[in-house]
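Number of protein chains: 2
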Amino acid sequence: MHDCLVNGEIAHSVNAADRGLNYGDGLFETLRVRHGQVRFWQSHMDRLLDGCKRLGIERPDQAVLLREVQTVIAGRPDCVVKIMVTRGTPEAHMARGYAPPAQCPVTRVVSSWALPPGQATTVEGVRNPSDPSHSPAGLRVRLCELRLANQPVLAGIKHLNRLEQVMARAEWDDPGISEGILLDENNFVICGTASNIFVVSSGQLLTPRLDRCGVRGVMRGEILRAFTSRCEQRRISQDMLAEADEVFLCNTVRGVMPVTRIDDRHYQIGPVTKEVREWLDAQ
Amino acid sequence: MHDCLVNGEIAHSVNAADRGLNYGDGLFETLRVRHGQVRFWQSHMDRLLDGCKRLGIERPDQAVLLREVQTVIAGRPDCVVKIMVTRGTPEAHMARGYAPPAQCPVTRVVSSWALPPGQATTVEGVRNPSDPSHSPAGLRVRLCELRLANQPVLAGIKHLNRLEQVMARAEWDDPGISEGILLDENNFVICGTASNIFVVSSGQLLTPRLDRCGVRGVMRGEILRAFTSRCEQRRISQDMLAEADEVFLCNTVRGVMPVTRIDDRHYQIGPVTKEVREWLDAQ
Chain R
19 MHDCLVNGEI AHSVNAADRG LNYGDGLFET LRVRHGQVRF WQSHMDRLLD
69 GCKRLGIERP DQAVLLREVQ TVIAGRPDCV VKIMVTRGTP EAHMARGYAP
119 PAQCPVTRVV SSWALPPGQA TTVEGVRNPS DPSHSPAGLR VRLCELRLAN
169 QPVLAGIKHL NRLEQVMARA EWDDPGISEG ILLDENNFVI CGTASNIFVV
219 SSGQLLTPRL DRCGVRGVMR GEILRAFTSR CEQRRISQDM LAEADEVFLC
269 NTVRGVMPVT RIDDRHYQIG PVTKEVREWL DAQ
Chain X
19 MHDCLVNGEI AHSVNAADRG LNYGDGLFET LRVRHGQVRF WQSHMDRLLD
69 GCKRLGIERP DQAVLLREVQ TVIAGRPDCV VKIMVTRGTP EAHMARGYAP
119 PAQCPVTRVV SSWALPPGQA TTVEGVRNPS DPSHSPAGLR VRLCELRLAN
169 QPVLAGIKHL NRLEQVMARA EWDDPGISEG ILLDENNFVI CGTASNIFVV
219 SSGQLLTPRL DRCGVRGVMR GEILRAFTSR CEQRRISQDM LAEADEVFLC
269 NTVRGVMPVT RIDDRHYQIG PVTKEVREWL DAQ
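Here the protein sequences come in this chain order: R and X. Everything in the first sequence is counted per my numbering, starting at 19 for the first residue and increasing by one. Everything in the second sequence is counted per my numbering, starting at 19 for the first residue and increasing by one.
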């Protein structure tokens with residue numbers, strides 16, 4: 019972590035009674051900064067504010083958040099920013115218990131971070147040949163054992179309850195495997211542990227519906243908007259994944275990441291994936 | 019909050035990069051202190067250490083935790099203690115991402131709290147007639163709309179991902195309603211938002227199996243042990259709840275709480291519930 023602001027003040031800690039820590043009662047966004055610009059700012063804000071509405075958390079002021087982001091990225095033209103917004107720290111006399119306090123200002127935590135390896139100058143995931151997980155040959159990934167639970171009340175939003183992702187990511191430690199693909203309890207394909215997934219079939223871009231579980235990623239949303247006539251959100255079975263012409267993962271930090279191997283099955287980096295990457299490069 | 023120790027030091031805050039805050043990657047226990055004694059200490063520790071094992075979190079030293087609890091309850095013979103144990107604050111260079119860091123000492127947060135209303139001298143839930151939710155007539159509760167998701171990887175343990183409980187508790191603000199009962203997605207009865215449930219039928223004590231969702235409460239475990247020959251863990255349908263002879267809720271802070279009303283259905287405080295309460299009073 020480089021710099022961190024908590025409610026606008028330089029700080030590296032949060033009250034131990036904060037509901038974010040006690041219950042995961044909050045939301046987060048992870049943003050990519052390139053050439054000093056925050057990419058897809060408004061899409062991140064839209065998702066964050068939608069999450070606040072869904073959880074009944076007071077909406078933070080966008081202009082205040084933007085000012086805080088600009089503070090933590092000063093002098094760092096290429097970095098990652100993480101924003102957390104929690105339901106806040108209740109007053110002492112009612113600080114315990116699940117009931118959301120009536121009056122409780124949200125807690126804002128805004129911090130900047132170094133880019134992950136291989137991300138120094140671009141948003142694509144394949145530029146650093148010294149990093150096996152980001153070789154030009156595309157990503158090797160695996161299917162996770164853990165099945166995501168169906169919870170429509172929380173589906174789609176980027177909340178702080180991330181133990182499923184932690185437990186799924188803990189299933190492997192082979193550095194040659196870049197990501198794990200998660201299925202739901204009905205064995206439909208949902209997402210990666212920290213990415214969304216697109217499957218290309220007969221030229222169509224298919225991506226899972228996220229009404230029961232998963233996070234509606236900002237990069238996923240941008241691709242859906244840019245390629246709307248060729249995109250479909252639908253249930254995707256394991257068979258459809260196996261028979262796909264192309265598969266790629268995406269998130270705002272790593273961009274569009276072609277998948278060339280899922281467990282023992284191999285895929286080509288095809289023309290549709292290349293087209294999506296070229297579109298992203300031009301943004 | 020009265021006193022708080024973070025990793026043994028007097029403090030009221032936790033590092034903003036802590037995995038407990040960022041992912042809910044940790045566990046907690048809520049303990050009742052009566053006459054200066056921590057009730058059911060070993061059962062709380064057993065559940066906490068089981069949770070650490072399930073999540074792959076380093077086990078904290080029990081003796082250290084007990085010393086910290088004794089510090090925060092000094093001079094407070096009747097109070098509640100909350101222990102949180104998180105996977106810790108990773109070192110700066112690898113602080114982001116779901117993968118559990120290889121080397122990462124756990125974070126311990128131990129704090130003491132005032133008892134909830136009506137709990138000043140006993141562990142039962144019905145002693146303060148001025149509090150409508152704890153009247154001698156028993157508790158009025160409701161069925162929640164939210165359905166708990168099935169997630170066997172996390173079921174039973176008391177982890178920090180509690181948004182389901184927060185959202186369920188946010189469904190009502192009538193102070194006359196003390197608790198909400200949660201069903202799973204198959205409409206089986208599971209628990210209260212902050213309690214376990216027992217249903218008495220033909221003299222048998224029935225309590226839900228918690229292999230898919232819910233928390234294995236310490237008080238539930240003590241009752242199962244004390245009344246083992248008359249207890250059964252099983253799936254409990256809404257019909258079984260409706261037709262029950264008696265219903266009670268339990269947790270370590272409020273003890274055994276007879277239910278006299280679930281939405282518009284009324285129940286008597288029957289002999290089995292009274293027997294369980296008398297057993298608990300004698301502990």
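Note that these hints are calculated values from the structure, not bench results. Careful: at least some of the hints might be erroneous.
Unchecked claim - Listed below are the simulated DSBU-like cross-link pairs for lysine-lysine, each with C-alpha atoms no more than 35 Å apart in a straight line:
| # | chain 1 | residue 1 | chain 2 | residue 2 |
| --- | --- | --- | --- | --- |
| 1 | R | Lys176 | X | Lys292 |
| 2 | R | Lys176 | X | Lys176 |
| 3 | R | Lys176 | R | Lys71 |
Unchecked claim - What the simulated footprint calls covered on chain X by chain R, stretch by stretch (three residues with Cβ under 8 Å from a Cβ of chain R suffice, anywhere in the stretch; the number is not a length):
| # | region |
| --- | --- |
| 4 | 54–60 |
| 5 | 74–86 |
| 6 | 178–190 |
| 7 | 222–228 |
| 8 | 258–269 |
| 9 | 272–281 |
Stated by the list, open to error - From the derived model, a few chain X residues whose C-beta atoms are all more than 12 Å from chain R:
| # | residue |
| --- | --- |
| 10 | Met19 |
| 11 | Ala35 |
| 12 | Thr89 |
| 13 | Ala92 |
| 14 | Asp96 |
| 15 | Arg105 |
| 16 | Thr125 |
| 17 | Glu163 |
| 18 | Arg165 |
| 19 | Gly194 |
| 20 | Glu203 |
| 21 | Arg253 |
| 22 | Glu296 |
| 23 | Asp299 |
| 24 | Gln301 |
All C-beta atoms in this analysis are idealised placements derived from N, C-alpha and C, irrespective of residue type, glycine included.
Evaluated hints:
Taking the CA atoms of Lys176(R) and Lys292(X), the gap is about 45 Å. The hint is violated against a cut of 35 Å. Our distance criterion of 35 Å between C-alpha atoms is met by Lys176(R) and Lys176(X), whose separation comes to about 22 Å. With a CA separation close to 12 Å, the supplied pair Lys176(R) and Lys71(R) stays within the 35 Å bound. Here the region 54–60 of chain X counts 0 residues with a CB under 8 Å from a CB of chain R, which misses the bar of 3, and the coverage is violated.
Figure legend: the region 74–86 of chain X, annotated as covered by chain R; annotation inconsistent (1 residues with Cβ-Cβ distances under 8 Å, at least 3 required). Check on the region 178–190 of chain X: 11 of its residues sit with their Cβ under 8 Å from a Cβ of chain R, so the three-residue criterion for coverage holds. Restraint check on the region 222–228 of chain X versus chain R: 0 residues with Cβ-Cβ distances below 8 Å, three needed, restraint violated. With 0 residues bearing a CB less than 8 Å from a CB of chain R, the region 258–269 of chain X misses the requirement of three and the coverage assertion fails.
Counting residues of the region 272–281 of chain X whose beta-carbon sits less than 8 Å from any beta-carbon of chain R gives 0, not enough to reach three: the coverage restraint is violated. Met19(X), annotated as away from the interface, has a beta carbon of chain R within 12 Å; the closest lies near 6 Å. Once the 12 Å rule is applied to beta carbons, Ala35(X) is inconsistent with being away from chain R; the minimum gap is 6 Å. Remark: the non-interface label on Thr89(X) is consistent with the geometry, its nearest Cβ contact in chain R lying 15 Å away (cut-off 12 Å).
The beta carbon of Ala92(X) sits about 18 Å from the closest Cβ of chain R, which is more than 12 Å, so the claim that it is off the interface holds. Distance to chain R confirms Asp96(X) as a non-interface residue, since its nearest Cβ pair spans about 15 Å, more than 12 Å. Some Cβ of chain R comes within 12 Å of the Cβ of Arg105(X); the nearest lies about 8 Å off, and the non-interface call is violated. Annotated as non-interface, Thr125(X) brings its C-beta within 12 Å of a C-beta of chain R; the closest such distance is 10 Å.
Listed as outside the interface, Glu163(X) is inconsistent with that label: its C-beta sits roughly 9 Å from the nearest C-beta of chain R, within the 12 Å cut-off. Residue-level check failed: Arg165(X) sits 8 Å from the nearest beta carbon of chain R, not beyond 12 Å. Every C-beta of chain R lies more than 12 Å from that of Gly194(X), the closest at about 14 Å, which supports listing it as non-interface. Non-interface call for Glu203(X) relative to chain R: violated, since the shortest CB-CB distance, roughly 6 Å, does not exceed 12 Å.
The beta carbon of Arg253(X) sits about 17 Å from the closest Cβ of chain R, which is more than 12 Å, so the claim that it is off the interface holds. Under the 12 Å C-beta cut-off, the non-interface status given to Glu296(X) relative to chain R holds; the minimum distance is some 28 Å. Distance check on Asp299(X): its Cβ is at least 24 Å (rounded) from any Cβ of chain R, clearing the 12 Å threshold; non-interface status holds. At roughly 23 Å, the least C-beta separation between Gln301(X) and chain R is larger than 12 Å, which holds for a residue marked as non-interface.
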